[in-house]
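Trainee: Residue 225 in this note's numbering sits at position 197 of the sequence shown; the count goes up by one each step and never skips.
Hints may contain errors.
What the hints assert, rightly or not - In the DSBU-like style, the derived pairs of lysine-lysine whose C-alpha atoms are separated by at most 30 Å in a straight line are: (1) K191 to K264; (2) K215 to K191; (3) K264 to K283.
Claimed, not checked - Label-pair ranges, simulated between beta-carbon atoms: (4) R216 to N112: 19 to 29 Å; (5) S57 to N112: 17 to 27 Å; (6) N112 to D239: 20 to 30 Å; (7) G73 to R216: 42 to 52 Å; (8) I129 to H230: 28 to 38 Å; (9) D301 to W108: 47 to 57 Å; (10) I303 to D103: 48 to 58 Å; (11) G73 to S205: 34 to 44 Å; (12) D44 to L146: 24 to 34 Å; (13) G269 to E105: 12 to 22 Å.
If you are wondering where the hints come from, they were derived from the structure by calculation, not from laboratory data. Backbone N, C-alpha and C define an ideal beta-carbon position, used for all residues, glycine too.
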Amino acid sequence: MSEEMIKCIDLVYSYDSEEKSLRAVDDVSFQVRPGEFVVILGRNGSGKSTLAKHINSLLLPSSGEIYVDGMNTLDLENTWKIRNAAGMVFQNPDNQIVATIVEEDVAFGPENLGIDPLEIRTRVDEALKIVDMTAYKKHAPHLLSGGQKQRIAIAGIIAMRPKCIVLDEPTAMLDPSGRKEVISTIKRLNSEYGITIILITHFMEEAVEADRIIVMDKGKLIMDGNPRGVFSQVEKLKAIGLDVPQVTELAYKLKNSGVDIRSDILTIDEMVDEICQLK
Numbered sequence: 029m030s031e032e033m034i035k036c037i038d039l040v041y042s043y044d045s046e047e048k049s050l051r052a053v054d055d056v057s058f059q060v061r062p063g064e065f066v067v068i069l070g071r072n073g074s075g076k077s078t079l080a081k082h083i084n085s086l087l088l089p090s091s092g093e094i095y096v097d098g099m100n101t102l103d104l105e106n107t108w109k110i111r112n113a114a115g116m117v118f119q120n121p122d123n124q125i126v127a128t129i130v131e132e133d134v135a136f137g138p139e140n141l142g143i144d145p146l147e148i149r150t151r152v153d154e155a156l157k158i159v160d161m162t163a164y165k166k167h168a169p170h171l172l173s174g175g176q177k178q179r180i181a182i183a184g185i186i187a188m189r190p191k192c193i194v195l196d197e198p199t200a201m202l203d204p205s206g207r208k209e210v211i212s213t214i215k216r217l218n219s220e221y222g223i224t225i226i227l228i229t230h231f232m233e234e235a236v237e238a239d240r241i242i243v244m245d246k247g248k249l250i251m252d253g254n255p256r257g258v259f260s261q262v263e264k265l266k267a268i269g270l271d272v273p274q275v276t277e278l279a280y281k282l283k284n285s286g287v288d289i290r291s292d293i294l295t296i297d298e299m300v301d302e303i304c305q306l307k
């Protein structure tokens, strides 16, 4: 196994037209270890989704390199191996569901990989169990809730046995209940099954759950650290149009008003503990 699940070296990606060239990803370098849970944050147009598509070989660098499980995406012979190693889940689950029965949809990916039918049966059952959707295997996907559909889309990726899953704003179109279902599933995949997770989100409370946060702005990587370290930099994040978790912002405002309180609070429980210790 490669020492890095993802290794990005001086990555540049440009959208070129007759009028101008736009660098959507501008000289970005970082690494992701196997089993790590990384969140990528950035406002619209920051380059985060363009970066994510490089991890799945949907886009290739204009310059620089990106390695997925030790494989260079620029080597076209690696493309299908890379897509097998790094599955991708998009924003709208309806765009990823292709069959009229849940279990058939989950089987679609392994079938395209030429997996033996008996092995596919095992993988489908396992994947549905992991996302807690076994009871719905004979259902029609279009009758499910948004959160359930997204969990089926994730099951379809799991059935292909990837080492890494890249999720591009998978909860953006869901209600709070659906978001909670999907994030709970993602956390389980990471903690119980050791799958490397790269999550793009604009919900700051989801980012709190990560091992590490990468912040992008105007195509550049501008922050990289654990959630506590990143979210404590409230003014820097607001300057590039990003929020912080509500409880972190409350702590920031209390501290600025003279209250002796930590500025790196991430959860309600931490806030309660701090308030209880105030004299």
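Trainee: A separate judgement is required for each hint: does it hold in the structure or not?
Mentor: Evaluation of the provided hints:
no. : hint                     : in the structure
1   : K191 to K264             : violated (34 Å)
2   : K215 to K191             : holds (15 Å)
3   : K264 to K283             : holds (16 Å)
4   : R216 to N112: 19 to 29 Å : holds (21 Å)
5   : S57 to N112: 17 to 27 Å  : holds (25 Å)
6   : N112 to D239: 20 to 30 Å : holds (24 Å)
7   : G73 to R216: 42 to 52 Å  : violated (32 Å)
8   : I129 to H230: 28 to 38 Å : holds (33 Å)
9   : D301 to W108: 47 to 57 Å : holds (50 Å)
10  : I303 to D103: 48 to 58 Å : holds (55 Å)
11  : G73 to S205: 34 to 44 Å  : violated (30 Å)
12  : D44 to L146: 24 to 34 Å  : violated (48 Å)
13  : G269 to E105: 12 to 22 Å : violated (40 Å)
When each numbered hint is compared with the structure, violations occur for hints 1, 7, 11, 12 and 13.
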